[in-house]
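K.L.:
Turn these sequences into a full structure, and let the hints guide you.
Chains as they are written, first to last, in our numbering: chain G, 1 to 405; chain B, 1 to 258.
Everything labelled a hint here was simulated from the structure, so no lab data went into it.
Treat the hints with care, as some may be off.
Okay, the calculated beta carbon distance ranges per label pair [what the hints assert, rightly or not]:
id, chain 1, residue 1, chain 2, residue 2, range
1, G, D8, B, T2, 31 to 37 Å
2, G, T323, B, A4, 42 to 48 Å
3, B, R105, G, T268, 43 to 49 Å
4, B, A240, G, R270, 25 to 31 Å
5, B, E236, G, T323, 45 to 51 Å
6, G, D8, B, S157, 14 to 20 Å
7, G, T268, B, E238, 52 to 58 Å
8, G, E5, B, M1, 20 to 26 Å
Stretch by stretch, here's where chain G covers chain B in the computed footprint (C-beta under 8 Å, at least three residues) [as the list claims (entries may be wrong)]:
id, stretch
9, 22-32
10, 44-57
11, 186-195
Ideal Cβ positions, reconstructed from N, Cα and C, are used throughout, including at glycine.
Now for the letters of each chain:
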Amino acid sequence: MTTTEGPDTRGYFGVYGGRFVPEALIAALDELDVEYRKALSDKEFVGELERMGRDYAGLPSLLYEARRLSEKAGARILLKREDLNHTGAHKVRNVLGQALLTKRMGKRRVIAETGAGQHGVATATAAAYLDLECTVYMGEEDTRRQALNVARMRMLGAEVVSVKSGSRTLKDAMNEAFRDWVASVDYTHYVVGSVGGPHPFPAMVRDFVRGIGVEARAQSLELLDRLPDAVCACVGGGSNALGIFHAFIPDADVRLFGFEAGGDGVETGRHAAAITAGGAGVLHGARTYLLQDEDGQTIESHSISAGLDYPAVGPEHAWLSDTGRATYEPVTDAEAMQAFRLLCRTEGIIPAIESAHGLAGALRIAPRLATELGREPIVLVNLSGRGDKDMETAAKWFGLLEEKS
Amino acid sequence: MTVASAFGSRPVLVGYLPAGYPSVPGAIDAIKAMVDAGVDIVEIGLPYSDPVIDGPVIQAASQAALDRGVRTSDLIHTVEAVAATGVPTLVMTYWNPVLRYGVDRFATDLANAGGAGLITPDLIPDEAADWLAVADKHNLDKVFLVSPSSTDARIASTVAVCRGFVYATSVMGVTGARAQTSNAAPTLVSRVRQVTDLPVGVGLGVSNGEQAAEVASFADAVIVGSALVRCLLDAEDEAAGVRALVALTEDLAAGVRG
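P.N.:
Right under this line is the structure:
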């Protein structure tokens, strides 16, 4: 198998992936595997999904050349404007696909887990749009950090369950969602939010988000008459990264860079860099890279970005890393926030803090690429989401809130 | 000692407690008290940070054990102490701690400690080639789960690699005591019996002697976890916890033995 193929019939990308879940879920996973493949080869389904993307979500998203930022970066920076999509992130592509699939499978309810709240908001949005019941699991710590998104989900008609177990963050919300699904699988579809989990989720979510790269590739050819030298994205679970990488995997001259959340610095142990500093193991249904101690217990992750604060990564990324097709590096909170402010000040675009990690990484590799190529490099960055949800975090970081007297 | 030795003319009681709760020695004392009170097969849980099939009771006890620093080596030590009493002793574990410890090393240490084998709730036979190979090498029991949602083909392929007994999950859901046992269980047990002579155990939801008797009327083993763990979790102190545990075990054992 090459990196342009995969997964195999058992859901493996190289040695990563598979199904490490209770037997109770296998029938549902088998059904899902068959149904999503059938759906993607059904013209009516694909047509309806394209219509929803175009008429409802605002796709294709723009490819934007960030001229003022480029001057600072020493590279031509192209931004894939996923932040302009409905719900403000790439996630709308995944949830519209899965929600439409839920209807097709004759199920009436969706559940989701969410960290920053963006996937929860997107799922609640798609559920409202397609008339599905919706329950969203969110760690108690995240409901506190992202109170506005909790209100958004409730406004859209979703039930938000605050998860008080474990570290009270995304991984615990995912555990609770799995538990719900085991008990309600007859009428419920679990809208997994990233390219992780048991087969077929990593492949299916990738297939629903890979339009990001398909669009960006065509837009690059139109704009530049060539492909970019590098494609950059942030990596938590890794859906936006795989979304923009996938169409470029066969293009050997295009380098792929994933930037993980380095938190306070990988050396401090307070980070979420599963590929950079984790080891191979099994978590949430798949064999992949994760943060774990010497007994295989999951180590809590840390990031200023709730959306990247997850101790594992999708299995296809583990494989792309091992094969060398993509390169993964950590970006610290401080580097990400510096890039966050730079984009605000040069382009008038407030990015999600997740996306600011991808941007910071792009700024880091630009001089390296320039030296290697002997010319100004062209770097495509997936601006995976907008920063509204992160304003409180950013305002605190930069000391922009008035002190209460 | 393998679990086959526990099965004879009557149904058996399988009792679960996690290693390391309320402490490593405290758990050993509690499990031994449970054995003395009538449990036929012991299932010792390895506490894990992300127990997706466990309900809140078992997760709370497991997390408390982890917070106090319980290690995989403590589990092996617990198995050794319990198996020395002569009762067949299985380990219930999620897969990642075994992978991290080393599948062969885990099996070797478990066998040397006198353990009977593993119950693996998030490892299906499709993914278990490494475990199946070392289990056979060390003559360890392999208990896989079947579910009401399993197809006939999956039941057949799963029980084909089980040794010891087959774990039939009686309801679609996580561990935890329930007011009523499931009517899906008898159907599932009879589906399993059509393809194997192995004993069939039923778990998830049993919390008293009456329910145990009901399950024992159609299954070979009655598996109880959360209700026993709750005895320790809810008690004012360790001694009171063990007293409650013994009382419940006697009730369950009486139910199972009719």
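K.L.:
Are the hints correct? Go through all of them and say.
P.N.:
Cross-check of the supplied hints:
1. Checked against the given bound of 31 to 37 Å, the beta carbons of G/D8 and B/T2, roughly 36 Å apart, stay inside it.
2. In this structure the supplied range 42 to 48 Å holds for G/T323 paired with B/A4, their Cβ-Cβ distance being about 46 Å.
3. Take B/R105 and G/T268: their Cβ atoms lie about 31 Å apart, and the range 43 to 49 Å is violated.
4. Taking the beta carbon of each, B/A240 and G/R270 are about 40 Å apart, not inside 25 to 31 Å as hinted.
5. The hint said 45 to 51 Å for the Cβ distance between B/E236 and G/T323, and at roughly 57 Å that hint is violated.
6. For the pair G/D8 and B/S157, the supplied restraint of 14 to 20 Å holds, since their beta-carbon distance comes to about 19 Å.
7. Between G/T268 and B/E238 the C-beta distance comes to about 38 Å, which lies outside the given range of 52 to 58 Å.
8. Hint check: G/E5 to B/M1, Cβ distance near 48 Å, so the stated range 20 to 26 Å is violated.
9. Against chain G, the stretch 22-32 of chain B contributes 0 residues with a C-beta closer than 8 Å to a partner C-beta. That does not satisfy the three-residue criterion, and the hint is violated.
10. Look at the stretch 44-57 of chain B against chain G: 8 of its residues bring a Cβ nearer than 8 Å to a Cβ of that chain, three or more, so the hint holds.
11. Requiring three or more residues with a Cβ within less than 8 Å of a Cβ of chain G, the coverage given for the stretch 186-195 of chain B is violated, as only 0 such residues are present.
Hints 3, 4, 5, 7, 8, 9, 11 from the list above are not met by this structure, while the remaining hints are.
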